[in-house]
Each structure stands twice: as structure tokens, then as C-alpha cells.
Amino acid sequence: MRFTFLHTADWQIGKRFGSFPDDKPAVLRDQRLQAVDRLAQAALAGGCTAVLVAGDVFDTETVPEALSGHLFARLKGYPRLAWHLLPGNHDPARAGGVWSGLAASGIPENVHLHLEAKASEIAPGVVLLPAPLASKRTESDPTAWWDGVDTGPAIRIGLAHGSVQGFGSAGDANVSIDPARVKSARLDYLALGDWHGTTRISERAWYSGTPEPDGFRDNDPGNALIVRIDGLGAPEVEVVRTAHFTWTRRTLKLDGADQLAPVEAEVAALGASAVRSLLALELQGLVPLAESARIEERLTKLEPHLFHLARDLKGLATFAAADDIEALGSPVLADIAQRLKLAGEEGGASAAVAQRALRRLFTLARQAEGADS
Amino acid sequence: MKIHAIRLKEVGRFSAPVALEGLSGGLDVLAGPNELGKSTILKAVNAALFVPHTSKKQEIEELRPYAGGAPLIELDIETRGRPWRLRKQYLSSRSAELRDLTTGQLSRGADAETQLAALLGASGHFALLCVAQGAAMASMAPVRTGGATFMAAIESEVENIADGNVSRLVADRVRQELAGLHTSHNPPRPTGKLKKALDARDDLARRHADAERRLASAQERLDRLGTLRNELAQVADSELARSGEVLAAEARHAFDEAREARRKHAAAEQSVAACQQQLNSAKLALEIFDRDAATLEKLEAAARDALPMRAEVEERAAECANRLARARDARDAMKGALAALERSRRAIECAERLATAQAAHERRVAALDLLSENAAEEKIVEAARREASSIDKLEARLCAAAPRVTMRYSAGGAGKVTVEGRMLGDGEVLNPRRPLTLEIEGIGVLTIAPGQSGDDAHDAADLAARQEQLASLLQRAGATSLADAEQLLSRRRSLEADVAAATAQLKAAAPEGLERLQRSYDDLLAQVRSLGAPETATLDDLEARGAELGDGLAAAEKTLAEAMREERAARDALADLRAHHDARAQQIEQLIATLGAPEKRTDTRREKLAAFTAASEALNAAVREATAWRDSAPDNARLSDLKHTADLAETAHKRVRDELARLRNDVAGVEGELRSDRGGDVAALCAELGEQLAITDAHCCDLQEEAAALQLLAQELDAAGTRARDRFAKPVVQRLEPYLQLILPQARLVLGEDLAPEALERGSAREDFARLSGGTQEQLGLLVRLAFARLLADTGVPAPLIIDDAVVNTDDERLTRLFQALRHAAQSHQVLVLTCRQRDFEHLGGRRIALATWEDARAAA
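Those sequence lines, one after another, are chains X and C. Everything in the first sequence is counted per our numbering, starting at 1 for the first residue and increasing by one. Everything in the second sequence is counted per our numbering, starting at 1 for the first residue and increasing by one.
Everything labelled a hint here was simulated from the structure, so no lab data went into it. Worth double-checking, as some hints may not be accurate.
Said to hold, decoys possible - In silico lysine to aspartate or glutamate, EDC-like type, Cα no more than 20 Å apart, as pairs: (1) X:K24 / C:E688; (2) X:K314 / C:E671; (3) X:K118 / X:D147; (4) X:K136 / C:E671; (5) C:K196 / X:D22; (6) X:K314 / C:E688; (7) X:K314 / C:D697; (8) C:K195 / C:D702.
Keep in mind that this is a model prediction, so the values were computed, not measured.
Extracted from the complex, chain C is given alone in its bound form (with noise of 0.2 Å):
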């Protein structure tokens, strides 16, 4: 097929008519900025060709312009040597024309589709082969699509590629029964059934060894019962078993005899000891009896002669406590007198200090009633001298302000003026501050007024008014003057410091007050007046008598203190004596108690005898069976043995008995654990487990021989589909090596089974498709598609091929080179580029088509 013109309206940017008229069908070229809608030419084309009319899909609803309207395509086709003119409109007032140029045949709607598949054949999508960038190569592969004349292309120029879809069945078999065994690593891996089997085989064969060794147990266990039960027997039977059991016996007779005996022996030494301890302590009693009666006789005897000396010495005790007392009552006589004496001396003082406290006290009351008729403070006179400064200086101010009058009498004159009553002197000096009248006598009156200005009138003001503040200050202070009051200023003063002074010695005298000394001095009189010491004497008389009394204390404090030694040691005599007599009477009434009442004590002791002779007897019994049983008990050497001979055959029984014993467990256990063994029926579950594992394993050999053939099964089969697929890509691959050549030179492109490039081989090395660089896939892509289209045209169907700007990433250099076969494969068939490398793509040559407006009336309208 070919392409000659391009129509469209309202189909993509194209909401106005656009025609691409006039393509050669052998190179054309559409060159133009971004946004030319090339992409949309190609969309549209594809679309007219393949999409019904009718069809709603989404790659119609994109061809829909933005502002609306329904896509008309137009499409001038040549196929089979005719040409076709195809028209579609889409979404709204959908139709479809199919016009036979040459006849004018037109067919519509449903037959024109009809028509339209018919004419490009069983190609399907392969009527037209597209290359847009980016386009995934996947999506142009021949075999997932199906393309019927591709196919036929292929099988025409080779044999036997068609296999039907039995092999393919075989092979999906194969491979799904294979995986049912084998997993896909390298090496395979047992799964599914087969590993299922093989762990069925190896539980089997644990489950039959444990069950063997079951079963061997079992056996010994057979074998040793036979054995203990023959042993047991022989034990049992045995005539040694049971002479062995009298021996023992008869052995442990003889030592508990002999134990006995000497268990015996030991008794009766027991009892001649306690009969000894007794006797020893009935004739101790004895001894102890008649020793307290002796020793209670002497103390009597001793209390009798010791109560004369008792008399003596109370008496001389009672003399010298007497002589005692009288020297300590000297001495305290002398004592008193002395404190007599010192009571008047503190008597004498303390009137001395009285008389001086009450002097200072009376000149202190003195001072203090004067003080209190002196009313001039010191700040009362302070704030006067103040204010008189003050009067002064205001009154110096007015005065210097007020007319000053001098009084000059004339002779005769002189008294003539006064002035408020009063005659003025010669030569006085008036400073009136407010009128002055002064009477002249017989002349009249003279009034002075003095002028005042207004500080004058504040002056005077503050005058008068600090004038009688003055004046208030002395009435306070009790002063007519100033100087009255700085008088009674230095008075008060001064009776300050005369009560100062007193106050100061009434302390010195009597610091505690005077009313406490004025008590003081009273008890100490009364004190004295008690003691009857003279009141009146003097400190030098005290003294002296005070020294008298001190010589009379020391003599009385000597003869006090041999009084006491003679005392002392009286009383200690006395003291000494009732503590013999005390100890004495208190042992003699112990011992009193000990022995009795004398009228009793006979017939203790007789008792006492009596208890004597019998233990003295019971020995004798006792020492007479313990020689008896001396004689009959055998010695240390003749008892061990004994006991070692009754331990032998006790050994020996025992260990028949313990033999016996545990053959008889041990046949039990045995039994016991073959009740188990036949519980589980170990010989028949092991000889089934045999059986099965036989089976099992026969059957997992089958399947591993299964799996084998399977795999070799599957090896053939994919390498017989590698053979087809090579074969099958043959056509392709001759028609892709000259473009392949023109790019990369001594390169191989491996095609995978759907004929998508799957790798590029250089030399060595092989590299797979998706790892290429994006430019050398997209040049590879765009080669395979000219191989497509090569192969299509060598067998009578060609197709055009659109390549929208699918070799953005490829260089200068291989740019030439892809123009060489792009211009190489337009002698075969059609290839219409669409470009926005308007410079680039100068040098491809062919005929370059570009947008115009379309014309037709129809569309027009």
C-alpha cells in the first residue's frame, strides 16, 4: 500500500481543513517546528486504517480537538495497483467511504470497512508499519500481533515453520509436569510430587530404621527374658540360697547372745558403781552429821564466852560518841561566832554604802526638782536665739529701711519730747517703723510715718510675726528675755550634770537599788542582833576579835577529830563484835536446822547409820552379779568376731535376696517393655514399613526417572524451538544485516522468539537490548521496522513506513548513514518521515511535503 494524500479536519490542532497532498510513495518528507502535529497525521492515519468508523474508543475521543467537533479523515491510498480514496468521520455523524478511484465504486459505513480489511488483507496492522519516538518495540512484534501476511511472508521462505499447536501443547505439558517435580534453578531442585516423595521415602525410612531398632530391641528383650528367667530360677533353686538363710540366722543368734550377755555384764558394773556412790554417800552423810553436831557445840560455847566483851566494848563505844559530840559542839560554837562576827563586818560596810546611796539620792531629787521648774530646754532656747537672729536682722532690715531719728535737744529743750509717754533721751536714736508720734512739749505732736515698700510690709509681717514666736518661745522656756533664757539654759545645765553625778554615785553605792540595800543592811542587823554580836563595834575591833575566834576554832577542830579517830574505832570494835556474833548465831541456827531439834538428832543420826550398812550391803549384791556375768560375757576380740561372722552370712543372704530381687525387676521391666512391643506390634509394623519403603522408594526412582525424561524432554523441545525460531527469524535477519551494516558494521542483532531485537552481538561480546544506549536502541528499532517493511515488499504486499521523529538520540554521523538506508528502502516501499529536525533532515533527500489548507468543498462545508 501506499499513501499519496492526507486529509483532516477537526482531528487533534486541526479544527480547520489540512491536507498533505502529493507524497511520491517512495521517500517524502515532512519537515516542521514542534507542534506541527505530526504526531496527530500519524494518530489520524492509523486511526482511518484500522479504527471503525463507529468506534468510541478513547484514541478517538483524543483525536478530538479541544474547542470540539468530530474528526474527518481523509486518506488517497494505492493498493494493489489501484487507488482508493478513504474517508472517515468519527464521535459525531460517524461515517465511513471507501471510493475505487479508478471505477468510482463507493461503498459506506459497514462496507466500506468490510471493503477496507479486505483490501489490506490478512496484514492487518501490517498494512502500515509506524516508528514513533519512544514506541516500546514489543508493541510491533509480528508474532503478538498476529499479523496473518507477515507470517505468510515469513513461511513462504521457510519450510516447515508452521508446528501447529501440538508442539506447543507438548511443550506447555512438559514444562507444567516438570515444574510439578523439579524447581527451575540450576541445579533443578526436587518440588512438588517428587519432593513430596522423597520426604514420604526418607519419614518412611526413619520411621523403619527407629522401627528396626524397635524390633532389635524387642528381640533382646526376648533373648534376655530367656536369660533372667533361667537365672532367676538358678537363684531360686539354689540350696546355697537357702542354707545360707539358716546360717545367717544361726549366726546372728550367736551375737545377739553374746551382746546380750555383755549387755548384761555392763548393767551389773552399773549398778556396783551406783551401789558404790551410794554407800559413799550414806557414810558421807554420816561423817557430815556428826562433823555440823561438833561444830554447832563449839559455837555455843563460843557465843557464851563472847558476851562480856561485848558489854565492854558498847560501853566504850558509848563514851567516846558521847566526847564526840561535845567537841563538835565547841567547834560549832566557834563557828558561829565567827559567822557572828562576820555578820556585823558586812553590817558596817553595808551601812557605810546606805548613807552614801541615800546622800547621792537626795541631791539627785534635789537636781530634779529644779530641773523640773527649768522649762529652757535647749531647743526651746535654740529656736529663740533663732528667731532673735532673725528679728535682729529683719529689724536691722527695716530699721536700715526706716527713717532714723536722732532726739538733740536744744538747750533747755531737753525732756520736752516724748514718745508714747515716754521722754526721749538726748541723743536716742529712733528708727520708727510705723508712725511715730512723739509730743513735743508745748510744741505739739510730731508723727512720724515712715514709708514702707512692699518687701518692707513682708519684712514687717515676718517681724511681727517671728516677734511673737519669739515671745512664745520664752514663755515656754519661762524667760521674759533671751538672755533670761540662755540663763536658764546654762542653769538647767548645770542641774543636769548635778543629777548626772548623783545618779552615778547612787549607783557605785548601791548597785542593786537602794531599797534592796536598804534590806540588805536590815537582815544583816537583824543577823547580827541574833548572834548577839555588838552592833556598834568598829572593823578593827571585828578583826580583831575575828582573829581571837580563828585560834579558838582550830583547837576545837583538833579535839573534834581525835574524838572522831576514839569514836570511830569503838564503833568499829562494836561493829566488829556483832558481825561474830551475827555469823555465829546465823550458822548455829543453819545447822540447827541441819541436824534438828537436840531432843531429835539421836535418832537422826541412827538413821543415817542405819542407810549406811544398808548400801554397804547392797554393793555387796551388786559386786557379786557383776562377777557372775564377767565370767559368762566374751571379751571385744570373741564379740567382733562373732558380729563379723553374722555380717557374712547376713552379706550373703542378702545379696541372694538382692539378686533375686532384681532378676525378678529386671524380668518385670523386660516384660513390661515386650507388653509395649506388642502393643505396637513392632515386627509386623516394621516389616510393613519395609514394604512401604520399598514402594516408596521404587516409586520415587519413577519419579526421579520421570522427571529426567521430562527435562530431557523439555531440552529437546526448546532446543527444536530455538531451531524453528532461528529459521522462522531467517527472512527477517537478511533483510535487517545490509541496514544493520550501514550502522554498526560487523554487529549481529540476535531477534527473540516474538521477533523483537533481544541482543547485539559484537565480535564476543553479546549485549542485551535494553542495555544499549537509548540511541543505538531506537536506531535498531527503526532497522528491524525497514526489515518488516523490506520483507513485506519482497513478497508483493508492501506497506508504507511513518517515522515520527523516532532517532532523536542518534548522532551526526550515524544520522547519514540511517538516511542512506532510509533512501535505500524507499525504492522498495513507502517511508514518509515526519520531522521537527527541519536542518538536520535537508540531507535525506526525497520529497518534501508540507501542510495546506484542503480544499475540497465538501470538507469545506
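Just chain X, with the same shape it has in the complex (with noise of 0.2 Å):
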């Protein structure tokens, strides 16, 4: 027998993206909503009649009504397609939390919650079996349960949220699962959350990744699984992009503005989708101070194509040249400018104000030749 579904998880819905400036973080949670939207369609396109979502529905327990009252409206909008909701660890199912009260204030008929710890006939013949998570962190393994469940012939899902053993986890929950789950329990297919990016643990076992990136991680979010499973041979899983943002983070290491050129020709090449993109930069070296102010120049030039350009100047160190001390103009100025060189040198806490301040003379200058010419 035949079921196809979409596997996804780690939704975060409510997620607040506070660190970002004037109405990005709007934009962010809003993108969150309309990824339900991309995965319907994409679960519809790939003839899914069901919608695993394997935890972290929700960032928090504590999500408004009004918010969560939208999701539920978003999924009832596609009654062809069933919702299997699993609480994780952001949204435990315990008394008092998000799914108490939207078990209380009734949800949509196509919209499923695993609450508890019971197998559950999701379709003619397909039996899931849920290990929701009741609390944040958990000594036990969920889903020991499994291997006593006798389901006959059925299809077994396993829908789970946690750290299998032995691979890292993106989330702060201490859930361990065990990656033999899968043998033990006689899973046809383990849908699994928690790690934000796509990743084959084993061909029976996936983390879907969230479906739209949600922080700077080099680990491929921003994807569903379609996961179809005919007979006892492996599931065929097909990787779908839902993301709507790109997130990216760079390192570079500088010695002068130009080496900017990389990363300024990876965002022209991205056209139009540039600003569906956030780039944390992050730069290291030592360059002149002429250089220093070119490359916050060209920072400032380059950031209006993207969505988001969060840039990390900590690692970037600045010296004065001679050249540039002979460039002001001033005797005044350059010799002001050669103590603060000689102070910068000396290492401390008074050598980076030291260093600053000779940026800032620098930065004064080029203004102030600029004015007076």
C-alpha cells in the first residue's frame, strides 16, 4: 500500500525576531505563517493527503490566543490535507499550556493533535505513532514506547522531536532519541524535529528542517520531505524548498576594501532575490585606517540589497599608515594622529579607545577637507 505526506517540523510560529530593526521583525514572523501556505502547496503538488509536522509548532507556551486561532484558520483552509501537530519541546503538551487551550476552544476537523503517547490510525492502513513531548527536557526517550505497539500489518510512522544520539542538536531540549528506533520500534519511517536543516540520519529516518530559516545556521533550512512509502522497500523522500528568506552567514579575512569583492559579487548575483536574503558578515584581519573606513563605506553601500545585513566588526583591526597620517593635511592633525598610533600600540583597554579615536580623527578629517574644500 501506498501514503504519501509532507514531513515538516520546528515551525516556531510566535517566533518574535527581536534583535531585528524597525519592521524586519513583522516580516520575519509573518514569513513563518505564509511557510504554511508553501508547504500546503507543496504537500498538494506532491499528492500528499497528510501533513506530519514533528514538533515546535510553536516557539513558545505561551503564544497568543489570536496567533495560534490564525495557524489553526490557515490549516483548516486546506481540508484535503490532514495536519498531524506533535508537541516538542518549545510546546510542550502539559496542563496550562499552548494545546490545553486549543484542545479547549476546539480545533478545525482536518487538524490532528498527539497529545498523548498512543498510536493513532491516520489513514486506511497507516498507524502513527507520536512521542509528544510533555515538558522541555526529559531524561527518558520518548519514544521507547514504539516497540511494544503492535499495529498488524499497518504502516508504522514514528513522529518524534529531539537529539538522536550521537548527532547534535540545534534546539536547547535534552531529548535524546535512540537512532535504533527505527529497527526496534519497525518504523517504515521516523519523521523526525528538532535540528532546523535537512538531514538523512538514515534512509528511514529525516530531520525535515524547519521550513523557513529562523537564525544564521549553515545547515540547510528552509525545506519540507515528501516522503512516500509503497511496500517494504525504503521510503522515497524528496527534498522541497519552502524557504521564502535565505539566510547566510560569511567570515572574511581583510587586509583592504577590496576583498570585500567576493561576497559584493555573491549578492549582486543573487538579482532580485537579494532582498529575500540576510547576510551575518562577520570580518576579521587588520587594515588601514583608509581602508577601514572604505570597507564601512562599502558595508553601508552594499547592505539596502538585502533584507538584512547584520555585520560583525569586532574581528577587524585598524592601523595608521604613514601615508594616511601624511594624508590629513594638518601637522596639527598628523601629529595628534602619531600619539594616537603609539597609544593604540600599547595593548588595553586605553589602546582600543586610543585606536578609535584615531579612526574618528580620520573620519573627521576626510569630513572636514571635504567641508573646507
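Assembling the complex is the task here: the two chains are given apart, and the hints tell you how they should meet.
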């Protein structure tokens, strides 16, 4: 028998993105909800009848009811799909938590909450073995009970949220899952959540990753998996892209502004999609002051092309070259620059202040030259 | 430049042309009294050199004399080794001329101004240095006025002074940016962006801490909710809870039954008591009935027996009453007789008084009648007396004045002389006051006409008047003469005394008045008659009779008293009998009313007997029932046990119920709080605030680092500026030093960045310039000008220094040293001293110049 479903996880609905300025947090939050639509469309396009969400549907237990209401309204909008939701470490199923409120206020018919460790037939001949989390942390393996469940000849699909032993977790939960569970529980497929990047653990065990990236992690987030189980063979797993934004982290070692060119080229190559890109750029190295100013200028020019540029220049040190000092065109300022340069080379907290003062001096001198001319 | 001559016309007080000629170009001194015009000369030189001839500025208007005019100023100057003549006229017929006295070349108007500026070079105001009395130091600061020659002079000796605008712009910008982060306090305090960032960070920290607390509370609530639900499940599902309810119900039922049995028993006992009471009432009613019947019978018998005695007592009482009446009548008669006697006595007394009063009255009336006929009142007689006295006096006077005629008859002549028909007696004296006619029988008539003076006439008139008055008075008194009047008066007095006596007697006898006394007497008499008393009895008779009647009255009183006692006793006995009869009758009536009519009493008794019987039977029944309930009701101890058991069971069950309710309430409460937590999404908020706090904190650190960097930069710029300034001021300080040591040895003058004096250092002490004495300030100001002038001279662009009474507060010793300085300075450049202190400046030296008439033909025109 054949069963096709979409495996996703870590929606983190309600995540605030408070560190972003202006209205960017609202845009990022909204995209997490819109990702659900993309998942639905991908599922329908892939011929799926069910969507299995392996935990962390919500980012916190205290998500407002209005937001969870919005989500359910979206899910309800796809009645041909059965949405199976599993509590994760961010949204555990416990008294007073987000799920108890939702259950009490009513859920759409096509949405199924697996709040208890109980096998459930989700389609004819298909049994879902959920491992809902009831707390943020647990010492026990929530999938342990699967081994003893007899479901007859039905397709057995495990749905769990946690860290497969031997494999690091992106989340802050400490929920260990035996990687041998697939075999011991005779699973046809183990749909995992918690790791935000799409990762194959084995032919029958995958992390789908989060459908919409939510951090600068180079672990291939922004995907969902269409899983086709047909008979006794290994399931066919297709990775489908669902991300709106791309989050990229780059580290560059510079000794001049020109070495920003690759990043600039990369951004340029993105073309129109650059506005859907977030770039975390960490610069390291030692550059002359003039170069430092130019680097700042080029970064400032690069920023508007992207949705967000997070620049980290802590690792980029500057120094004043003889040319720099001469270029000041003022003996007084040159004298001061020389003094600050010497102070900056002495080391310590005062050295950092001197270096910064030197950088400001050069910046102001350049501005003054422009004003004077 | 040097000035060799100054000529003025229509400038200030100089309406007529004046000139200062022959200035040496070294030390020139113009000493003159106040209001000589020295300051006007200085202003005029300044104007000619630096103010265009076309100017209408106030400083030019102030050069115009009070009487009006157009200021004309001419200067002979020497600059760059060549002599020039500058001439300017202001306000009216404005003109400017500059003539090269070597070549005769002349330029006019704007050309002259241009050429003049070129001659003065870029030094501008430093082509001339002035020190006026009390002039502000700052106005001469070369940096502010931007004198290029002065700056060039300094720069020629100092390297790398000019740094252009870049460093200044940078310094300004640094200060500006630093002011946006830190205040200028020491230590500096955050302001502007930095303060805002720090405040934002602190606010975020507070909010984050609050969110963390709320999140922790939310987590606690979740944990607690789980615990509560577990407890609730345990309590709700407990077998004990269910069995406890049953036990409680059963125990309560047993207790209720026992309590009901006791209640029933108590009710039965009450019923027994009630029946007993009823029986007692019925028995009592029957007994009372029988007792009343017996009493009635006794009373009726007693009433019958009492009748004869009552009649006897009534008869005796009547007899006593009669006796009493008679005794009273006898007594009253006695009293009446006594009263009549009294009346008689009083009537007699009254008659006596009446007679006395009547007699007095008659006497009074008679006296009054006589008095009415006597008109010789006291005052009339007295008046007559006075008149008579006056008349006597007048007559005496007149007589004294009148002739005295004495009649002496000769023998045989008696009676032959008559006057007015009356014969004069022999020896009769006459004092005729009017013509007297003596008729002498057989002889004739002799008329004696007495002479009369004015006084005599007056007296005569007066006498006549008085005589008339006297006659009138006598007539009024009814007398013919004064003696008569006196007699009448005496008689009147006597009559008045009689009237008074009679009146007194009348009042004594009849104080109430005669009429009233008469009426009283008449009344008494009538009473006496009515009482039958003798009218003619005497007082003694009356008294004797009174004594007899008194004795009789006493006896009658005694008899009366006995009769009264007897009558009272009889009456009391009768009243007593009647009271007994009435009481008995009332009692009989009451008993009859209670017992009923005799024919119905038997039935009544029968009824009461029946009621008694019924009450007895009811009591028996109640006793039987009470006995039955007593056996089934538990005693107090047993009831107490049952209650205790029921209470315990109830308490236990209630505890379970309360616990359930509490747990449900707690669950609802926590769920409500959790809903609120979700409403605020406190977890996400906490995370968000944490992120924002980290960013804000980093931003604050960045701004603080920025502020530190700017502070360091500012310090470096200030230090660089100080170093530059020090180098900048060096040329001036070098020139100043020799002069300063003359006046203030061992002192050092600190110049500000604009080269104006800033402070004076003497040893380790530093005094701000503004706090120095006025004299020291003016001396130092002059010395700085000398230094400026020396610097300009040393660089080949000398400028004259004009000193206009600028050292008025300098003591003699310092003045001497200043003179030394001025003499020394004049070796390098022109020093023109204008002073009013002629004597003090005698020792200065130099060339003395004086105002003279400006003889130039063109000026005169």
C-alpha cells in the first residue's frame, strides 16, 4: 500500500525576532505563517494527503491565542490535507500549555493534535506513533513505548522531536532518541524534528528541518520532505524548498576593502532575490584606517540590497599608516594621529580607545577636508 | 608708518583749523589741559586712516562739531620711507586725497582710499596702535581683528603655526559630537544620545527582568497546574471520597432519628405537663365554685341579720343630729346678742365722734365766712405798708422842702384862720407843698405858694403816685387807713388760725370725712335697731351686758361640742353599718354573677365536674404516651455520641469537598493566569527583550567607547592648540618681557589664544587679569601694545602707538618706569603721548608738541 505525506517540523510560530530593527521582525514573523501555505501547496502538489509536523509548531508555550487561531485558520483552509501536530520542547503538551487551550477552544476537523503517547490510525493502513513531549526537558526517550505497540500489517510512521543520539541538536532541549528506534519499533519512517536543517539520519529517518529559516545556520534549513512509502522498500524522500528568506553567514579575512568583492559579487548574483536574503558578515583582519573607512562605506552601500545585513567588525583591527597620517594635511592633526597611533599600539583598554579615537580623527579629517574645499 | 603732522578743521571742538606740526616720529608728547581735544585728535587720526571718506557711520557724525560742519582731517605720514599727505573731508563735500609728497602724485576719492589701503598694507588696523583710557583689551586682540601683517609678523618667527581650517573644523566637530554624548562637568555625565541609550538600556533591563519574572511565574504556573491537576485527579477519584459521603449520610441519618425520638419524647412530656395543668385548673374551678356558693349563702344570711341593728343605729343618729342643731342654735343666738351689743357700742362711739366733727365743721365754716369778708391779705397790707413808708419819706422830704407854717393866734384871733374851710388850730403847723390859701377872717386871704425844685416836683409826683397806690391797696384790703388795714390783717390772721384749728379737730374726729362718718353712724344705728339692741344704752351698760352674754356663749359652746361628739359617733356607727352592708351586697352580687342564677347553678357545677373528669382522663393518656417515647429516645450521652459521629463524618466529607473545590479553584486560577501569560506571549517577549537588551547594551558600550575616544581626541586637540598657542604667542611674549620686567619684575604675563592678557603669574601665584588692580591692568595693557608695536617694527612694518591718557591709575614709581619703557620703545617706532597730566609727564622726555593754527590757505577757505 502506498502512503504519501509531507514531513515538516520546527515551524516556531510566534518567534519574535526582536533583535532585528524597524519592521523586519514583523516581516520575519509573518513569513513563518506564510510558510504553512507553501507547505500546503507543496504537499498538494506532491500528492500528499497528510502533513506530519514533528514538534515545535509554536516557538513558546505562551503564544497568544489569536496567533494560534490564525494558524488553525490557515490549516483549516486546506481541508484535503490532514495536519498532524506533535508537541515539541518549545511547545510541550502540559496542563495549561498552548495545546490545552487550543483543545479547549476547538480545532478544525482536519487538524489532529497528538498530545498523548498513543498510536493513531491516520489513514487506512497507516498508524502514526507519536512521541509528544510533556516538558522542555526529559531524561527518558519518548519513543521507547513504540517497541511494544502491535499495529499489525499497517504502515508504521514514527513522529518525534529531539536529538538522535550521537547527533548534535540545534534546539535547547535535552531529549534523547535512540537512533536504533527505527529498527526496534519496526518503523517504515521516522519523522524527526528539533534540528532546523534538512538532514538524513538514515534511509528511514530524516530531520525535515524548519520550512522557513530562523537563524544564520549553515545546515540547509528552509525545506520540507515529501515522503512516499510504498511497500516494504525504503521510503522515497524528496526535498522541496519552502523558504522565503535565505539566511547566510560569511566570514572574511581582510586586509583591504577590495576583499569584500566576493561577497558583493555573491549579493549581486542573487539579483532580485537579494531582498529576500539575510547576510551575517563577520570581518576579520588588520587594515589601514583609510581602508577601514572604505570598508564601512562599501558595507553601507551593500546593505540596502539585502533584507538585512548583520555586520560583525569586532575582529577587524585598524592601524594608521604613514601615508594615512600624511594624507591628513594638517601638522596638528598629524601630530595627534601619531600620538594616538603610538597609544593604540601599547595594548590594553586604553589602546582600544586610542585606536578608536584615531579612526574618528581620520573620519572627521576627511569630512573637514570635504567641507573646507 | 610715522605721523609727522595732524591737521583738523571742523572736527569735534576744533571748529577753527588747528594743527599739530613737527612730530618727530619718535617720542612725541602733547600735554594739555582737559578738553583740549586730545581724544578728538586720536579719533580723527583713526578715522582718516581707516574710515572711508564716504562713510556716514556714527563715529563720523560724532566728529562733527556741535555747531555743525564738515570734518576735514589732514595727516602727513611717512610709510616705507616716503612722505605722504592724506586729506579727507566727511559728510559734506566729501573728498579724499592722497598725495605723494616726493613726486607730487595725487590720487583722489576711491583711488585715494585704495592707495591708502595699499600703503597701510594688509596690516589694517595694525597700521596704527592706540591705547585710550579704559579701552577694552579685547578690542585690540590681533587674532580677532585678523590683522594679516601682525599674523605674518608672528608667523615669520614661528613655524607651523598656521594649520588652516581643517584642524579647527575637526576640533569643532569633536566638541560638537562630544557634547552630544557627555556634559562638560567634571567628571562628565552622559547626555544626548548616550544618555538616551543608557536610559533605553536601563528601561529594557527593567522590562526584561520583569518579563523574566513573569516567564518564571508562567513556568511555575505550568508546573503548578500539572501538580494541581494530579492532586485533583487523586482526590476526585478516591474511594475514600465516595465512601466518606455515604458514611456521613448514614451517621447523619442515625443522629437525626435519635434526635427526632428525643424530640417526640420531649413533646410527650410537655403534653403530660399540659394535661396536668389542665386537670389542676378544672379541679380548682370546681373547688372555687363550691367555695363561692358557700360564701354566698353566708353573706345573704348575714345581710338578713344585720337589718334590725341598722334601723336602731339610724334612729340614734337622728336624735343626735337634732340635739346638735339645737345646741348650735343656742350658741348662734348668744353670738348674735353679742354682735348686737357690739354694734351698739360702736354706734355710741360713732355718735360722739360725729358731734365733735360737726362742731368743728361749723366753727370752720364760720371762720371761713369771716375770712372771706376780710380782704386784708398779708401781701396787700405789706404793700400798703411800704407805700405808706415811702409816702412818709417823700412827705418828709417835701415837708422839709416845703415851708413851715405855724399858726399862732393872737389874743382874740383864734379860729379866724381857716384853710379850705377848716379852722386852723393854734400852734398847728402846716407844710404846704402846694399853694395854700389861708382865709383870715376879716383880713383876707393868704396864699402861700411854696417854691418847687425839680426834685421836689419829682418827689411830689412820686408822692402822688404812691398815695394813689396806697389808696388802691387800702381799698383792696377794705380798709380806710393803714391802721385799719393792720387791724383787718390781724383779724384775718386770727380767723385763719381758727380755721386751721377747726380743720384739725374735724380731721381728728372724722378722718374718713364728715359725710362718711355720718353714713357709718347711720348704718350702725340701723344695725342696732335691727338687732334690737337698745339705742340709748351707755357704754357701761353695754359692757355689763357683754360680760353676761359672754358667759352664756361659753356654756352654749360647750353644749354644742358635746352634741357634736355624740352626733359624730352615731353617724360613724351608721356609716360603718352601711359600708358593711354595701360591701356585702357587692360581694353577693359578684358571687351571683359568678355562680349564676340560683336555678342554673346546679347545671354549672355539673359542667365543671365533667371538665375535671375529662382532664383527668387526658392526663392519663399523655402519661402513657410519654412513657412509651422515653423508652425509645436515647439519653444525652448516646445522642452526643451520635452527633459527634455525624459531625466527624460530615467534616471529613466536607474536607474532601473543600479540597476538591479548592483544587478546582486553584486550577481555574492558574489557567486564567496562564491565559494571561499567553495573551502577553511572555516567553517570546522575554526572548525578544533579551535580544534587544543585548543590542542596546552593545550600543551603549559602543557609544561610551565613542565618547571616550572623542574625549581623548578633544584632549589631544586642546593640547595641540595649547602648544600652538604657546608658540604663537612667543614672539609677543619675547617683546613684552623687557617691558614687563621694568614694571613687574619676576612676573610673567599669560596671553590668551587671542593674545589678550589672561593672567599674571608671580612666583607660584596666578591672578586672573580681570582681578588685577585697575592700575596694573592699564599698565599691562600698555605694555602689550608696546610689544605689538615692537613686533611690527622688528618685522619692518612699524606702526605708531598713540597713548591717550591711558595710565591715569599708575603710581609715580611705576609711571617713571613706564616712561623708561616709552623712551626705549620710541627708539623702534613712533610713540605719540596725549596727556592732561602736564606736570607728571614733564619727566618723560621726547618732543613736546602743541596745537597751533592751521595756516594752510585751502583750509582757511
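Against the structure, the hints:
1. For the suggested pair K24 (chain X) and E688 (chain C), the alpha carbons sit about 13 Å apart, so the restraint of at most 20 Å is met.
2. Note on K314 (chain X) and E671 (chain C): the hinted pairing is violated, with a Cα-Cα distance of about 46 Å set against a maximum of 20 Å.
3. As the CA atoms of K118 (chain X) and D147 (chain X) are separated by approximately 12 Å, the hinted pair is consistent with the 20 Å bound.
4. Distance check on the hinted pair: K136 (chain X) and E671 (chain C) sit about 19 Å apart at the alpha-carbon level, within 20 Å; holds.
5. Restraint check for K196 (chain C) and D22 (chain X): satisfied, since their Cα atoms lie roughly 18 Å apart, inside the 20 Å limit.
6. Simply put, K314 (chain X) and E688 (chain C) have alpha-carbon atoms about 23 Å apart, too far for the 20 Å limit, and the pair is violated.
7. Of the pairs offered as hints, the one joining K314 (chain X) and D697 (chain C) holds, with about 15 Å between alpha carbons and a cut-off of 20 Å not exceeded.
8. Of the supplied pair hints, the one linking K195 (chain C) and D702 (chain C) holds, its CA atoms being roughly 13 Å apart against a limit of 20 Å.
The structure shown violates the earlier hints numbered 2, 6.
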